[in-house]
Amino acid sequence: MNKGLYLKLFGNPAIFLNGEEIFFSFSKVNALLYYLLLQKNVSRDEIAGILWENKNTQISKKNLRNTIYQANKFLGDEYIICPSRSLLSLNPHLPISSDVEQFLANPEQTLGLYQGRFLKDFYLKNSEAFDFWIEKMRSYYEQIYIKTCHDKMKYQLTKNDVEETEQHILRLIEIDEFDEANYQLLMRLYQENNQAGKVIKTYYKLANLLDEELGIAPSQEVQQIYDEVVAQGRNERKIKQFLRNTTHFYGRVQEISQLEAYFSDVIKQEDVRTLVLLGGSGIGKRTVTRQVLANQTQQFQIVTAECLNSDRSLRLQPWRSLLNGLKDLLIHHQIMSIQAWEMLCKREFPFLSGGYAQDRLDMNALSLAMSTILQQIAQKKPLVLLIEDCHWMDTDSITLLQHLLNHMRGCPIALVLTKHLHATPHLDSLFNQLILQQQVKFIELQPFDSEQSQAFFQMLVGSHSVSSQQLEQIFQISQGNPFLLEEYAEQVKRGEKFEALTPAIRAKMQLKLSYLSSREEELLHYLTCFQKPVSLQLLAQLLVLPFDEIIEMSENLCQQRILSEINGKEEILVYFHQTILKIYCYDSLSHGKKRLLHGQIAHYLEGVWEKNKQDTELLHTISYHYKEAKQLIQSLRYSLYYLDTSLQFHHELFPIYTPQSIADHYSSPEDTLNIQDTFTQLEDIIHSLEHQHGHQREFQQLLNHFRYLEGRFDIRTGHYEKGIKNILSVIDSAHALHQHEFLLEGYRQIIHYCIQVENLSEMKFYTDLALDTAVTANNHEAIATHLRLKGLYHLMMGEESQAIRLLKQSIDCFSLTASLRHKYAIQIGAALDYLAEIEQIRGNLDQSITYQMQAIQLTQQISPESSNTIFYIGLGISYYHLGDLTEADRIFSKIEAMTKSQLYPWKAVQLDVYLALIHCQKGDYSLAQQILLNKEQLMSRYSTPRDKGMVYYLMSLLKYQIIAGKLTNSELIDLLSQDFGTYFGIAKHHLNSYRDRRLLSDLEEWKQALQTPAFKEG
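Residues in the sequence shown are numbered consecutively from 46, following the numbering used here.
Source of the hints: derived by calculation from the structure; they are not laboratory data.
What you are looking at is a predicted structure, and each value in this text was computed from that prediction instead of being measured.
A portion of the hints provided could be inaccurate.
To be verified - Restricting the straight-line Cα-Cα distance to at most 30 Å, the calculated cross-link-like pairs of lysine-lysine (DSBU-like) are:
(1) 165 with 197
(2) 165 with 106
(3) 53 with 170
Stated by the list, open to error - What follows is a list of derived Cβ distance ranges for each label pair:
(4) 777 with 867: 35 to 41 Å
(5) 652 with 510: 23 to 29 Å
(6) 154 with 183: 17 to 23 Å
(7) 509 with 942: 45 to 51 Å
All C-beta atoms in this analysis are idealised placements derived from N, C-alpha and C, irrespective of residue type, glycine included.
Work out the full structure: start from the sequences and follow the hints.
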């Protein structure tokens, strides 16, 4: 194919010159080459008449000459020649080849060249003669291909060429999809190679095709192969292997196998057997049952009845349907005439014509007559009685069925019942009796799992594209339900926008819920307004009904698989069994009803929160319901409460809280983006409300709350300029709105900022101002808090006595009663931690450890990790300076693991540096090297001076050891290229002159040592 001219004629035709595909301007050039290639020598008159049959001889010959010229010119050589004046042919001296010639030369070895019909989709306008020639050649090559395939496959069905042989057979099926011989070959190929699943799939594909198009069943030969595979599956070891290989059969291979085995047993045992196929609404009970029964018609005769919810009041309605079907069989088998049947009905089955009063119903007589009829029919041919949706059967029908099963023995009758997961007590009683007698088999259809759902849905939509977001939504709502997947697939194929409730789905849901009581409907109306499972106690309160009545309703709804229960820690929770049911119930509510219900729920939950502020998540729930009730100001209020409560444990070093109100909604570093998104969403809500509510005091207070949260967030994350701007705005607004709480909170955030950046002058101003404001407002909590912060200021200034006095006053304020001491345990622990730091600075390390242990013990069970982390870091530092490196390392390593789950870990740089110092003393400099590599990121995280001082303290130590010859690590030497004085100066400048006295002392000691004659830097 690389040299010369190559013509590909099987499938879509193509012409290649020296390995590259070429394209002529006129299709008749192609046609001329195709014809000459296969016909060899062709007369000019013949080919001119074929290609230009609607032209006169002169014009057609002129066109032919022009076509030859154009072809040779384009090909660059005389590929078309004239052996004589009247003949044309291809030049035998030039390299010309084709797939057709190669195929004809050795069909058995070149079957792969047959890529499709000869000159597929090639059309020549106004040339019937050429079209006739194409059809003739197509038929010729097709017959060669078919014959060669059959000859080859009859003798060479080996495991070594399964894929190639499979492709040949599939192409034969494409040629004639109604030729059962090809399906037979394909099934035999799969059977010989232990691909039982593909045998079944091929069989059902053929059976459906023949039934839909021709109304016939597969041939006996095809049926034989199928039966052989099913029979093989009865062996337990082989059936397990078979199931593993056929999971692609939309998750129903096991059910089909069980159904096939059941029908086989009926025939083999020649006895009555009962099978119940159960599953939820839309799960595919009917589809699977009918799919299998459609291929049992050669072995069984089938009579069906469908039970409807609307017919439950009609006595023996299912048996009316069954008797109508049995009548036809009786007449067909010439068991009785029409007249005899009519007489039998008047005598034994008067209910068919509306007779039978309740007191005249004789079940024994009815069952005896019915049993006789069934046995007579089954003697002619095994019988299937299919009763669909038997959970809707009336009581008399169930009783008759029970009597009938007691009478019938020794005849091949298969009783197949499909039913929902719930049933009436009367029907349950029948099944329990059959279970005890070992006369019933149950098969439960489960929803498709994720993989099966995707495979099934992809098969349904074919080449239609679906976005990943839409797919996720479809799978989430459908929950593996085949009916829902089919409905959504139809939407996709119609190019419609996704709607969870199609007309068919809506009708199915309406039917499922149509027989509920008004109180049950109202319960569902409330429940559908919730996003999560709801406690029965809460529903009882909302519905203003006794709790036992709610339990009874819940049990009934759970039995019908409308609801499901969760056994919570303290309460029983309920939720919709199907997501689509919840969507339907909510959609069925009017807009006014939705607002009313959401408003009632929000108002009630508001009262729950006020009484017991234990569940922070409740704030989010209240906000949601107020939003759906269109009470947007209230929704905003609780959104801010929720965000405030959720974040204060990350933004506050020592948050004020009760043990039950700990929120852990943002517990990983990845949640930072979620927090920022939340702020953006709240800001959008505020902007949308500002035009209508901006002048209202309530809105202005909420706006101030938002600015406070945003400012606190920015300060904690190191965005000081933006954060301070917001907090100063909060302080101004709090003054104007007389919001003393936010005034104090604003001062506290400014103080936190001053602590982080070591701005002592501003810190003094705001601690004094905040304490005075707290005293004026008589706010006990704020007074105690700001006493501690003022004590911290004096600690940072090195004024120990004043710091100790204020810190102890803060502890006393928080310890007036046992309940206060418990509530403010973190605040007390914080003051103890600062007292410990003072003792640590003084060198009283045992006393420092005592204070730190008191803080840890006080908050062990109730403190969030962020606060406990601080206490443990202080404890580890005390042990480090005490010289107990083992204990310090243990504490720091434990805390390091804890800080990884915190959004904004406090003192993280101190922790890293002290861990590195310990490891350096052990000769391990890997942690130190890691800090040096990431130093810019560490120091810029919160832009805290002490963090920078700590990092440069470590760098000073390492540089000192390098100069002293104690450290020879080449990588560290490269990282520490500057002189010791540079690191020393930066460390000293950024460390606190009092709090970091020990570290500053070390720096001076190293500096003095390096100034002795014994050291020569560089």
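May I ask which of the numbered hints given earlier this structure violates, with the numbers listed in increasing order?
5
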